[in-house]
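S.K.: Sequence:
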Amino acid sequence: MVSMSQTATGTHPNTDGELSDRDRAILHFERGWWRFAGAKEQAISTEFSMSPTQYYQVLNRLIDTEAALAAEPLLVKRLRRLRDQRQRERSDGRRRQG
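In the numbering used here, the protein residues as written are 1 to 98.
No lab work stands behind these hints: they were computed from the structure.
Computed cross-link-like contacts, SDA-like style, restricted to lysine to any residue with a CA-CA straight-line distance of at most 20 Å:
| hint | residue 1 | residue 2 |
| --- | --- | --- |
| 1 | K40 | Q57 |
| 2 | K40 | F29 |
| 3 | K40 | A25 |
Kindly generate the complete structure, drawing on both the sequences and the hints.
M.R.: Structure below.
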């Protein structure tokens, strides 16, 4: 797998499999976002100059990369587990409504 990097036209995979500075910053932020004053969404806007929606799209692609897993195995596994849990909960909720 490859990591993601930001270009003028959007987010693209790095071909060398290395984490970009932004990728590392996002993982670092996820490890300790609670230390930032205020809401997480505001900290995302301040730290990364992107909307929370953009941030979570980048984060979800990032945690699927081998480079992120190698750099932060416990964090990436936890984030994957939380994402999978939220997807299951949404799926279960749709089944109950339908």
